Amino acid sequence: MSELQLSLHPIARIHGEPLLELPQGLYIPPDALELVLENFQGPLDLLLYLIRKHNLDVLDIPMAELTRQYMSYIEMMQQHRLELAAEYLLMAAVLIEIKSRMLLPRPPKVSEEDGEDPRAELMRRLLEYEQMKQAAQQLNELPQAGRDFEIVQVLIENTVRERLPEVSVEDLRQAWLGLLARAKLNTHHKVRREQLSVREQMTHVLRCLQGGEYVAFDQLFELESGVPKLVVTFIAILELAKEYLVEIQQSEIFGSIYVRTSRAITAE
Amino acid sequence: MSEQVEPLPQSEAPLPVETEPSPESVTVCTDLFGGKMNTEQFKRVIEAALLTTTEPLPVSELKKLSDVSLDNHQLETLLEELAQDWQERGVELTRVASGWRFRAKPEMQQYLDRLNPQKPPRYSRAVLETLAIIAYHQPVTRGDIEEIRGVAVSSQILKTLEARGWIEAIGTRDTPGKPELFATTKQMLDDLNLRALQELPSLEEIGALLEQEATTAG
Amino acid sequence: MSEQVEPLPQSEAPLPVETEPSPESVTVCTDLFGGKMNTEQFKRVIEAALLTTTEPLPVSELKKLSDVSLDNHQLETLLEELAQDWQERGVELTRVASGWRFRAKPEMQQYLDRLNPQKPPRYSRAVLETLAIIAYHQPVTRGDIEEIRGVAVSSQILKTLEARGWIEAIGTRDTPGKPELFATTKQMLDDLNLRALQELPSLEEIGALLEQEATTAG
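Chains as they are written, first to last, in our numbering: chain U, 38 to 305; chain Y, 801 to 1018; chain C, 801 to 1018.
Just so you know, these hints were derived from the structure itself, not from any lab. Since the model is a prediction, treat every value here as computed from it, not as a measurement. Do not take every clue at face value.
Taking lysine-lysine pairs in the DSBU-like style, the calculated list, with each CA pair at most 35 angstroms apart, reads [as the list claims (entries may be wrong)]:
1. U:Lys266 to Y:Lys864
2. Y:Lys905 to C:Lys864
3. C:Lys863 to Y:Lys864
4. Y:Lys905 to U:Lys279
5. Y:Lys986 to U:Lys279
6. U:Lys266 to Y:Lys905
7. Y:Lys863 to C:Lys959
8. C:Lys986 to C:Lys959
Which chain C residues stay away from chain U? Per the calculated CB distances, all over 12 angstroms, these [to be verified]:
9. Thr877
10. Gln887
11. Arg925
12. Glu946
13. Gln956
14. Pro976
Glycine included, each C-beta is placed from N, C-alpha and C at the ideal position.
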């Protein structure tokens, strides 16, 4: 339990834990001490720990006391051959400097800069860090996805429907442009706008004739669709005949005209 | 926080999913869970477990969710009840080879697709050109298409377009070999959102565009 | 009651989740969906979509599920109703930074952990402090973080948070070396089930907590 606590919680929160006391008769297993020392996040963390542990006032730090405490921890870390980050030594220098500045008599005329408490910057940093340290812990206590709650995920089987490619008119236009650009068919296959409707009608007529039987000529026309359509249909039938796709028969003069898909008879 | 002894709050109003509980199951489960968890609460736990797992959960796994030991039959009765509770929803509880799992009903697919617009596949240039030729020159034979494209047209291409319902053979040309004549279908017009073939860009426009390009390039 | 036109196919048994529908919502939705889909059916679609997606779905995405156009307010009313329907379950519908999503309630975790004993690793204090500084001071450079923490910040720490998708570089500060500026992501808020940074514990609260500690320690 206590070991778990140690690894999970900032050391400064464990007030009065005998484990953290300096060796005053009490035996500390060396690896436990190492764990404790390693757990400091840096000089600020260590200082905060000392301040809280010895009930010092952050806003009125007794520099001599704090510096002494700090130095003894640094020594202990060095004894245990812990890799001591440069920041720890730098902080030691800072503490000593503040301490000595406080020993100097204050100049009688207090200009704004000189008059500042030599501890002010250190205090600001300690408070700011402590705030963030606490914030970190609060963040850690918020429920986290995957750790403290699971996200719902229900399966979708996507075997249900195959997706088909979509084609737009623009795709067809591009395809045609590509063809034109490649081939010399410019002249060959020039087709007018109106002729597209003729082509469509040719397809329509051929569909009507699909049975292979003769169909009465007038049945191929839809009278209700208006004159332009009738003309187009007529041209379509002529075009089909020209391309040998249909044959047109009239058995007697003024008799009925019949159309059917062409048979081998018309072979050239 | 720390004083929670009971796994779930007991004071809750009856859970809304509760359909008429069969008296049998209630009896089984007040016995089963004693003061700890009632059937409905245990169902909520199973439900939460199944909803948060995409892999099917075997009965042997689901057993771990209970504080008391359950036999397979009891658990399966509960699972069937749960499946029942869900049957009107868009998601259903199903039993598959390796266990139980929730899945979206197939009829939800059309809606869910709207949220995951996977890039639709595209047709190759060969397919598009073939389609364009059939659209503009119909009725045409495979030979016509090959002549215009300058390369052989694989049967695969025509099959693709036929399978899609966009082209069909509407007859044969009366030349040696009786080649089939292909034309586009109404389906193709529908799918391209056209009322008639004339609504395709006219070839004249396309030609003009090309000439323009040629002259500006020259 | 009798003026409700017919919000539900009458042959069906009432859906198990249905709590007393507010008459207002029924009226709104028979109008909205006409003959196509009634409110309850649309709710089933939204529900299925939310259940099948791990990423939170923003209202703009959820709109795509409707065949008629809905304004944000109408949709949000429906979502709140849906959240209401679920509130007694082990799973709940919550609104987070990037949208709406279902999650298992944290009190279910003790059971779910039995099925999936592998827990994600806990973050070290160094990582957590770095995250806190980025969250509360963003945008910040690595240098800023180091100044507050009083020690060097290893690249590993930043990489861990980036890999989790919780922080990202959002630009550079215009000082020598052009150091990168880090900020937290929507994903971080989503993972903590928060809608906005303001929902993080406020610094004032944290300050109060500190004072309290200081006095109790004394």
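Does the structure break any of the earlier hints, and which numbers would those be?
-> 1, 3, 4, 6, 7, 11, 12
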